[in-house]
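Taken in order, these protein sequences are the chains called A and B.
Positions 989 to 1393 (the numbering used here) are the ones given, in order, by the first sequence.
Positions 257 to 549 (the numbering used here) are the ones given, in order, by the second sequence.
Take these hints with a grain of salt, some might be off.
[Unchecked claim] In silico contact screen, one side only, chain A against chain B (beta carbon under 10 angstroms); selected entries:
(1) Y1030
(2) G1035
(3) V1188
(4) N1248
What the hints contain is simulated information worked out from the structure, not anything from laboratory work.
Since we're looking at a predicted model, the values are computed, not measured.
From the three backbone atoms N, C-alpha and C, an ideal C-beta is built for every residue, glycine too.
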Amino acid sequence: MKQTISMLSTAAAFVFATGAATAQISDDTVKIGVMNDQSGLYADITGPGSVLAARMAVEDFGGKVAGKSIEVLFADHQNKPDIGANVVRQWIDTQQVDAIADVPTSSVALAVQEITREKNRMFLMSGPASSDLTGKACSETGIHWTYDTYALANGTGKALVKQGGDSWFFLTADYAFGHALERDTSKFVQEGGGKVLGVVRHPLSTADFSSFLLQAQASKAKIIGLANAGGDTINSIKQASEFGIVAGGQRLAGLLVFINDVHALGLKTAQGLVISESFYWDLNDETRAFSKRFAEKNKGNMVPSMIQAGVYGAVSHYLKAVQAAGTDEAKAVAKKMKELPINDFMTKNGSIREDGRVLRDMHLLQVKKPEESKYKYDYYKVLTTVPGTEAFRPLAQGGCPLVKS
Amino acid sequence: MFELLGIPPQALFGQLLLGLINGAFYAMLSLGLAVIFGLLNVINFTHGAQYMMGAFVAWFGLQFLGINYWVALIVSPIVVAISGVILEQLFLKRLYHLDHLYGLLLTFGFVLIFEGMFRYGFGSSGQPYENPLPGGVNLGFMFLPWYRGWVVVASLIICLATWFIIEKTKLGAYLRAGTENPTLVRAFGINVPRMITLTYAFGVGLAAFAGVMAAPIYQVNPTMGSNLIIVVFAVVVIGGMGSIMGSIVTGFGLGVIEGLTKVFYPQASATVIFVIMTIVLLVRPAGLFGTQR
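Next up, chain A with everything else stripped away, as it sits in the complex:
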């Protein structure tokens, strides 16, 4: 009997040993596919800039991981879940892509989350916002890197309620992201004793917001919450100023505003907006150094958005984990990523929770007045910095099936 057990354990040890020996880099290349909006309303905040950030991360890592080469691919999903899902399936099935990165537009990201879970590939999310990606749709191999709708609501939403904004009207982009942002913000409004007076849901990529703005104006809500992003937010803010909404005493809450949007609007229109971001290029020497390097390679013009900075961080951390694990098998890499602390120019002592949520600091910022801006891209004042442990939704409230209660 004793002999049998020892034989079995030897056999087991042998299996484990060979297992470890065969667990290595598949097809001798680590392939990272950056997929996002290359040409539409989210192209400036993600797009080619995110591809550049991923390439910079690879370059800074030395171009090789565990002795094998690294390749960065990219594709345009046009903000359509069906196109995104097709690209990712093709990447995985015919090109042996090991990790998918960025993927803004929550509806596309939710589709990709399902595929990467089923096919056991890493999913490094920087672009999408919906907090459902670490909630009911969480995945063992999905890491939500840069921000989410809960953190945005917790930052901007809560701050405005505190300043007396106790009645809200939402302009919501009619898809997964907008709905999640509206839901998460409403929660903070109601908890702060405020009321949501109404909601109007507009199709993604709408040009004319006048009709929706008129409805918001008629609601007499103190705050008009913009649960949209990119070009939609820019047009909402621009047209709100045309219709004299802010002059009439109502306040706009841009729940997801990027530095590229502020740049496109100009400070004259954007001044005073309170926004939440996890990255601002002008925070300290490290962020300035990275942003300068990025801008030089990015046709010399724009500083990175938080999504693009996040792609750099996520890809770097992924490569570190592949190196440490000695394999590109997704579950092993995900485990390593969660063990290793995150430290780069953007994230200090960040960590990854079991639901895939990266805990990082979020900054509450305010857009400067034109006369306060002293140099190019000098757009924000930092109001406060919320530590990662407070900024994001508590683990137990997300409803992620991976979390054992």
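Starting from the known structure of chain A, fit chain B onto it as the hints suggest.
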């Protein structure tokens, strides 16, 4: 106070007016398309890109050359029309005797090229353009920005003037005759090819004019045309391909219908026009104002 279908009448008036403003853009763009299709038999897919170029020329003028909005309103359509002449002379001219599809494919290819170039140069977030008529007036039921009021008035004048020239003047008669029977019209000593080139330039100029009008309202953005052009094509199809009055009336009409959809069921506001298009095509395949050829 009585309510109509659940919303107060003031709100309804406001939405009707806004619909009319958006309809003004549909009308101006579909008018140019109708002129080009009616007289050249070309489905000009570049129309959206030319609208975008109109806005960009205005932005460029303001930013770098100090050309203000009112001057740009005249200069920008001329600049874009010249680019249209070049396009017509070099490429489109060779396709008149072929099927519509060739012209459609060629012009669609140019859309991709133009948009790609502007996106590469200026990014996708767009550029801000100062509103030349800030402020507005409170009409009681809504706040009407001066600029939007100006858009409706200007586009109505342009649309009616175009209709008048083509349908009621001698020049218009030549144009119409030139498309019906070019050989015969040439026999009367009229330079038909030049007339066709100038017609194309005029249609393109109309698109650029609409682009300048749009610049202060929307962001000046490389994709601003492609967002709009699909709707505008639907407007042209509903109105009847090539019908001038049809495109004006349907342009304004569909703007109003879309505006009302934004109140009653905003989620459908991007699709309502296509639903109408489907119904119209089933009932009247030539469009509301079109005649079967």
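Would the stated hint for G1035 of chain A survive a check requiring a Cβ distance to chain B of less than 10 angstroms?
holds, 7 angstroms
Would the stated hint for Y1030 of chain A survive a check requiring a Cβ distance to chain B of less than 10 angstroms?
holds, 8 angstroms
Mind checking the CB of N1248 of chain A against every CB in chain B and telling me if the closest is under 10 angstroms?
Hint holds; N1248 of chain A Cβ to chain B Cβ min 5 angstroms, cut 10 angstroms.
Please check whether V1188 of chain A passes as an interface residue: C-beta within 10 angstroms of a C-beta belonging to chain B.
This interface hint holds because 5 angstroms falls under the 10 angstroms limit.
Against the hints set out earlier in the document, no violation occurs for any number.
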